[in-house]
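If you're matching them up, the sequences are chains A and B in order. Under our numbering, the first residue of the first sequence carries the number 1, and numbering increases by one thereafter. Under our numbering, the first residue of the second sequence carries the number 1001, and numbering increases by one thereafter.
Bear in mind the hints are in silico, worked out from the structure with no lab data behind them. Quick caveat: nothing in here was measured; it's all calculated off a predicted structure. Treat the hints loosely; a few may be bogus.
Said to hold, decoys possible - Rough simulated footprint, nothing fancy, chain B against chain A, three-plus residues with beta-carbon under 8 Å:
#1 121 to 130
#2 188 to 202
Said to hold, decoys possible - Pair ranges (Cβ atoms, derived):
#3 B:PHE1349 x A:GLY224: 29 to 39 Å
#4 A:ALA124 x B:GLY1388: 17 to 27 Å
#5 B:TRP1075 x A:PHE290: 36 to 46 Å
#6 B:TRP1075 x A:ILE59: 45 to 55 Å
#7 A:GLN185 x B:PHE1349: 47 to 57 Å
Idealized CB from N, CA, C, for every residue including glycine.
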Amino acid sequence: MEYFIQQLINGVTLGSIYGLIAIGYTMVYGIIGMINFAHGDIFMIGAFLSLIAFLVLGIVGITWIPLALLLVLLVSMLIASIYGWTVERLAYRPLRGSFRLAPLISAIGMSIFLQNYVQLLQGARVRPIPPVISGGFTFLEGGIFSITVSYLQIVIVLLTIILMTAFALLISRTSLGRAQRGCEQDRTMSALLGINVDRTISLTFVMGAALAAVAGMLFVLYYGVIDFYIGFLAGIKAFTAAVLGGIGSLPGAMLGGLLIGLIETFWSAYFTIEYKDVAAFAILVLVLIFRPTGLLGRPEIEKV
Amino acid sequence: MNENNNRLRGIDITALLKESAIAALVALGLTIVMLGLRTVDTTTGLGITTRWPLVVLAVVSVFVGRLLFALRREWKAGGQPVQRDRKKAEHRAAIIVQRFSTIGGPLFIAFALALPLLPFADRYVVDVATYVLIYVMLGWGLNIVVGLAGLLDLGYVAFYAVGAYSYALFAFYFDLSFWVCLPLAGLCAAGFGVLLGFPVLRLRGDYLAIVTLGFGEIIRVILLNWYSFTNGPDGISGIPRPTFFGLELKRTAAEGEQTFHQFFNLDYSTMHRLIFLYYLILILALFTNFFTLRIRKMPIGRAWEALREDEIACRSLGINPTNTKLTAFALGAMFAGFAGSFFATRQAFISPESFTFIESAVILAIVVLGGMGSQVGVAIAAVLLIGGTELFRGLEEYRMLAFGGLMVAIMVWRPRGLLAHREPTIKLHSGKAPPEEVIKAVTQGGMK
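If we strip away everything but chain A, and leave its shape as in the complex, we get (with noise of 0.2 Å):
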């Protein structure tokens, strides 16, 4: 039961990450019905971002934890934000209108080059950190397993829910929010009625990127470890977890991100660790075929 319950609390907190990744693809598919290749790749960036800012935090001397964690969040959504901005740029929008699998190639591309780019500014090895928030509760101790709920799970779940609640807010009662839903709607109607659908786009990557982002950081304190191909997988689970959920729906990705997490965690605790990649693709997959709206996505009417 304690083990059980440990692990419930691990995929909760792996889950979050995967639902902050899985909201940037939902968004973008949301709005110009396509998968954004290069999104696991930003959130690999963000890591990065994360990673060098913290130990450059670490040589200037800050180290009050909050403030720290503060900063870093920033730098690291600001910049990863100016990368989402410039992979739509350069990648997605000089091919609007154009053929189905045109950008979808363009940002395989995006996604191969940004792997290198790091790959070769930061090299090919794995970048370890020291732990920067460490300790946490421990509950029914005595027994075989004791439960851990360290803090730094506790601030991923917290500061996943209040980024959660800002976009939910911001979706549904700002302009942007409603210039987002017109152009996911109909775009030619809303460029009609005077929303600029190129700016509405970009900043439906940038939100995307910045989420992305806090997930790297976020990846970056729970494992520690990080390399240039981590966004490969991260991004594949994530996807899964927004067409878990029902892609195109915000709180959709997030049950789904929440799904992916618990089933890949209880999987390697109960199964084998070794194919817990395939678990996630294997539901997928079931998924797909079962119910391809997805559990809170509404159906899609193929018009002629």
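Position chain B against the provided structure of chain A, taking the given hints into account.
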């Protein structure tokens, strides 16, 4: 207003400078952390070194590059808004391609056939040519799936891996020869294609892309972890070489058998084997090409192309989309299986390392850059991409970087591929003008 001072031949210099400054600012944002600071291993963990000159260089070059780009754009337009006539240019290219493929295709094949006999064809050239031809074949195989049927398959390498491993494992466990295993490997790969395709081909294009991507990864993970069966990351070595109608291409034959050079009374040379492998893959590739060209004209091929263009129309005309797509998927997979078993026999060693996502991306890039559906285009793209990057072996670290960048650039520049070619394979009426007499008769008939 000093507008007149800032205008040169109708070009608004201030606006251009502003545009370039913004681009430079973005470049600064992109590079200041990732390029400016580098994490290095030190004795006490990670440290940081700085590379500010590189950042300055990047920012300045982006500024200058953007300015030149904008100047050229404005200069061409003469201060007028630009109207790009991309369609027309592409159409012109398509005509050239079409002419070229009727003449160039046979020339290409003739050159490929003669290559090992040419004076400059040493060991290295033949080896690289063999390597390129594997990709030509894979490109043609994937072209059936992507180019003809319009299904985006990002896990094509999985079928390649299935082919390679099925040959290696058949040879290892059952001691079967290459020639028995080649069709078996194709069948295995096609079987996997059906297995995967059956559930997912009902899905829309992008979902299919991600599921195939996942499938490719699953195959690799299984090959990596199923140690007792596939030998895991250590791979399988000592895969037997193919024989030439029962003659081995070795220095000494096994007891009671002859080798190739003994049979033909030649001096032994390792080149024989290389050239034999080269012709083997050439024949396999040409077979793929021939198969594609023929099947395009058959009902199933027509159905693929029709499905690519309009699925709903096809449904209403009674074509079963799932079965039709499934055949394309399975046939594409089969050719990947053939290529895979050739790869295994050529390398004599395979490991899951050879079948990563990057391989899938490279093959897809070949198909897309070549112009989807164009056989000659795919061959040229394979020669350029694989042969071209082979030349830059020394710059290994920049190779994939340039590759990714190239993929983006070509898509933006020519979304339909280098040799865009999208003529329908069938037309209701022949495009030729009717003969002179007919026109005369009709017009005179009308006048009377």
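Taking the hints in turn, this is what the structure says about them:
Here the region 121 to 130 of chain A counts 8 residues with a CB under 8 Å from a CB of chain B, which clears the bar of 3, and the coverage holds. For the region 188 to 202 of chain A, the stated coverage by chain B is violated: 0 residues have a C-beta nearer than 8 Å to a C-beta of that chain, whereas at least 3 were required. Checked against the hint of 29 to 39 Å, the pair B:PHE1349 and A:GLY224 passes, with Cβ atoms roughly 36 Å apart. Distance hint check: the CB atoms of A:ALA124 and B:GLY1388 are about 23 Å apart, consistent with the given range 17 to 27 Å.
Distance hint check for B:TRP1075 and A:PHE290: the Cβ-Cβ separation is about 58 Å, which falls outside the suggested range of 36 to 46 Å. A hinted range of 45 to 55 Å holds for the C-beta pair B:TRP1075 and A:ILE59, which are about 48 Å apart. Taking the beta carbon of each, A:GLN185 and B:PHE1349 are about 55 Å apart, inside 47 to 57 Å as hinted.
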